[in-house]
Structures are given as structure tokens and as C-alpha cells.
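Build out the structure end to end from the sequences listed, making use of the hints.
So the sequence lines, in the order shown, correspond to chains Y and Z.
With our numbering applied, the first sequence covers 1 to 364.
With our numbering applied, the second sequence covers 1001 to 1273.
Calculated directly from the structure, the hints in this document are not laboratory data.
Take these hints with a grain of salt, some might be off.
Only some residues are given here: those of chain Y computed to face chain Z with a beta carbon under 7 angstroms [unchecked claim]:
1. H80
2. F100
3. C104
Distance ranges between label pairs, derived from CB positions [as the list claims (entries may be wrong)]:
4. Z:I1100 - Y:S12: 43 to 53 angstroms
5. Z:H1169 - Y:Y15: 18 to 28 angstroms
6. Y:D167 - Z:R1088: 47 to 57 angstroms
Don't be surprised by glycine CBs; every beta carbon is placed ideally from N, CA and C.
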Amino acid sequence: MQKSVIEIKHLSKSYGTNLILRDVSLSIYPGEFLTLLGPSGCGKTTLLRLIAGFEQTCSGDIYIHGTCVNQLPPQQRDVHTVFQSYALFPHLSVFENVAFALRCKKTPKDEIKARVQEALERVQLAAFGNRLPKQLSGGQQQRVAIARAIINRPKVLLLDESLSALDYRLRKTMQYELKQLQKSLNITFVLVTHDQEEALSMSDRIAVFNHGHIEQIGTPREVYENPSNLYVAKFIGEANIFDVEVEALEDDELCVTVESRPLRCKNTGNHTLGEHLHLVIRPEDIRVWQLDEVTSSDEMIPGTIVDIIYKGSTVDLTVALPTGKIINASEFFDEDDDDLAYTVDEVVWVQWYTGWEVLLPYEN
Amino acid sequence: MKTKNLTLYAIYTWLFLFGFIPLCLVFVASFLSRDATHLMTLPFTLAHYKALFSPLLGHVMLRSLMMALITTLACLVIAYPFSYFMARSQHKSLLLLFIIIPFWTSSLVRTYALVAILKFNGILNTLLINMHLITTPLPLLYSNFAVLSGLTYTLFPFMVLPLFSNMEHFDFKLFEAAEDLGANRLTLFFRVFLPNTKRGIVSGSLLVFLPAMTLFYIPNVLGGARSILIGNLIQNQFLVEENWPAGAATSIFLTVLLLLLLLMYRKPRGVKS
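Structure follows, in C-alpha cells:
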């Protein structure tokens, strides 16, 4: 078992009667990029603030490098935060902003100069030391905030929705730069975000939050391909969900009925006869066949195209099934189908390959 | 856009008619000679300005400056923490209302209320005696203390309002950012809060310092006969001596002095940017 840099044990936090976090346990490992993902109000930012020391725990413990920090003020915790609004000191130059932590420690002047310059070079702002924060663009301010937070070489860098204020293209660039920075510094990054795409593309692991507790922790691939419950499946990516019942078991497969059509699924979770399940299938895993492309309609469901959205690399289809249920399907232009010339109201066959679906325990 | 321009023109017209032109009139008057029947008359003279450099006026000027300075400091010391708590309070508008309510009463009336509090057998002395803190009443009224109290009390809102509006825009997240980077409470105050509220301090100080020099009725009511400040002198020259040109000259002198102070405030800012 790897030694963790931050260990959170049975942490709870409430404001009055409002429970923000309940019994959260989490290990964060050295050098990893962990994302706390969830909708606003799910407690992810509160957890970050608790780690930083801006909030007091109600119960449970936080350990940083094996030391319980519950009683330590932010000044004495070896973690630094990059704030959502950057919180740069408006009256100080970029240089002085970055130097702030060193000045607090009364570091010698020469060393400050060298280290600030190095940090600014790292974030490609070496020439901007004399500017005031308000003279910089949003992306540059973001970089200053990062430089300021890494100057002390903290064990852990906490990033609170740090990229959400930037426009799409800049956000993509910053995501890449942050990832590069994290690799080169070998510091643990803990990023809070509500953007699942950001979480998937940047993280080593994702902790999916919902109403103050963690629904699932895993690699981006794990949480996307094997969500542990309906919430995670719905929150990360698009999901079509069917309620099914196990009607027969055959070897490693099970039989269900979807829209009055018999289907086979992989029995990955030791499901038993008669068990109620949710069948989750991602839009990109669905194939939509036009009538003349199909010779045998076994394991296929009939549907009618309701809407077509051309997205460049994909065509997103909205398909109505016989019971009126609406599903989403993304079709890629590839050698199978380079045309994708669907029309609204066209009758089609919907299909996916056995094993591409995810079966989840039934929830009310 | 159009209406905005129109409003601006209206303001400029107002300032021109009721600010600039009267000032010009005062300026011209200060060079005229005194006349018993027509208040002032030709020929032009520099005599009133020469008279300004008498030791008596120098003394009054110095005293006024001192009183204004102490008043400004007193206001700042009280208003700074006051504004801080106001800016962080949940009930900002209510507190703001409490600051503004006294404006609804004439400040002259409020100054007489201070007399009732400070006088020999007034509220404060009675209270102190009943609390057995003193045995004989203190001579509080007609002293520098009374004048300073009056000035501080009257001008306090003028310090609070700019400070409050400055602190209200202060991003208190900066405290967290500074703490996160290892700042202790002193650093928090001196390197983060104070520099960011400097502008509020300066404008509040100007708003208090300038009127503190000239509010003649407060020393009149609270300071008694001996307490002459520059404002009283001007009032005297106009109403008692009926020497309007001399009063105008003193006014212009004061205006120039205050203008210099304003310039001193603007200069360093201009240099920085």
C-alpha cells in the first residue's frame, strides 16, 4: 500500500443544520492529480477549504504527511491554494505577488529574486514581473496565481475551480499547461471542478461527489466505463438508462427485455435471476442502422429519429423508441459509415454490442 | 448615452453657475477696498493679503491646522475599525442608515445637544458624579476638548463613508490567500489590508480635514470666546467688522491652502501610474 500525502478520515462538516460533508474518507497519494468532481453545492469546495485550513472540521480527521492538521491554521499547513477568483493582491506587482510567501518567511532578498524569477519562468511570465495584476489577461492572472502557490514547493496544490473563469480555448491550453506543470514539479494536485470533461482529461483519479459524500473514486476510465451507480453514470457523460429484469442466466451472460425486444448482456456483477437492474448505455456505444443496412434485426430495437444534430466529428441523433422513450446516440464518421445521411422521422434499428452496456443495481 | 451627456452638462452648468462664478466674485472682492456704505469699492489693493501675514492670523492658522489634524486623526482611529466591521457585517444597509440618520437633523441643533451633554451640570458630568467617578463637575464645555468632540462627532460620517465604500469593495478572499501563503495577523493588516484601504483613508481624511478648518459654528458654540479658528475669523471679518474684502482675502488664502493639500494628495498617485 502506497503511503498517502493527505489522509482524510470520516470527515463531516455542517453549517448549522445544513450537512455539507458526511463521513468522507479519502487518501491522496504523492504526485497524483486528483479531481473532486460534482455539481455546485455538493461539498467539494468545502472539502478543499477544510484541507487548506479555512474551515474547521466538525468531526473526523485530516492528516497531511502523517500529521493531524485539524488544529493547525492555514499558515502552518504545507498546502497552497489557487483560488477560483485567483485572489491576487491588487496593490502588488506580479513579482511581489509571487514573492509574498517568501517574504512572510523572511527569505533573503537574493534568494527571493532567484526563486520568483524561476517560478515566473515556469508559467511563462518572466517578462511580466513589474505589471500589476489588473494589467494582465485572465489567463495570465491564472498563471500568476499558480506561480504564487508553487513558490514554496508545497506538498499539495489545491485548485478551486481554477479554470472555470476562462474561455473555452484558453481553458484547454491551461489544462494542458497545468498537467505539464504538475508532471514537472511532481507536486500533488487536487482540483475541484464541476466540469466532467476537464476532470476526465486531466486527472489520474476522480472522486465523484454527490450531496456531501463520495459516490465513486477511480481513474477517469473506471468512472466513465464502470460507474458504480446511477448518479455517477448520469453525471459523467451522457447515459441512456433502461430499467430491466434478469429473465434468464446463460454462462456469463444474462437475458433481459428492452422495449419488448430480448437482449443479451454480459453478467459482470454476479446478478441473479429476477433481479431488477438499470441498463446504462453511452450514446457513442449505440449503433443506429438504416433499414436497408440491416439483414437480421436480432438484438436490435426499432426506433424513429426525432432530431439530428451535426457536430462535425459526430452526428448526434435523438431516437424515439416504441414506448415513447427517448434515447441519444452519437454516430461517428468512419469506414462503416462515412455518410450518416439520416432524416427526421426515419425508422431505424438501434443496437449495441453485448458487453458495452453497464448493469447497475436498481435504485428508486 | 445622450441622457448621460445631458446630465453631465447639467452638472457642469450647475458647478459653473454656483461654484465657479461665486469663487471668481470672492477672488475679485478680495482685491477691493473696504467701504462703509457699499461694503466694497475700488481701487484695487493688496492690503488685505498683506494683513494676512500678521502674527495673530499665523497663530489662528496654526491652531486651526492643529485642531483639524487632531480631529482627522480622532475620526480615523474611530472610523477605521468601525468601517471594517460595517463592511463585514450582514446588516450593512442598516448600519449605513444609522450613520446617515443624524444628517436629517441640522448639525447646529446637534451641536447644541452636545452643549447639553458637556455643560457644567450637564448629562455627562451628572452621570460621572452619580457613578462616583468624580465629586465635582469637570469644566468640559468651552474647552479644546469640547471643540474637538464637536468636530469629531460632526465629521465622523465623512470619514466612515469613504472608508466603508473602500472596504466594501475589498476582496476578503485576499485574507485567505495571504494566510494560505503564511502571513500572520500583522502582515495581513500591514501588507494586505492597509495598502488596499489607503485610498479610503486619504479621501476620508480630506473630507474631514477641510471642513474641520472652517466649521465656524462648532468652535463658536462649544469653544466659547477664546476659541478662534480660521472659520471664525472669516465669519468675524464678514459679519462683525463688515470688512468684506478682508474676509474674501482670508477665504481665498484658505482655498489656496486647501488646494495645495489636494494637489499633494493627487501628485503621488499621478507619479505612480
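- Mind listing which of the numbered hints don't hold for this structure, in increasing order? Hint check: 6 fails alone, others pass.
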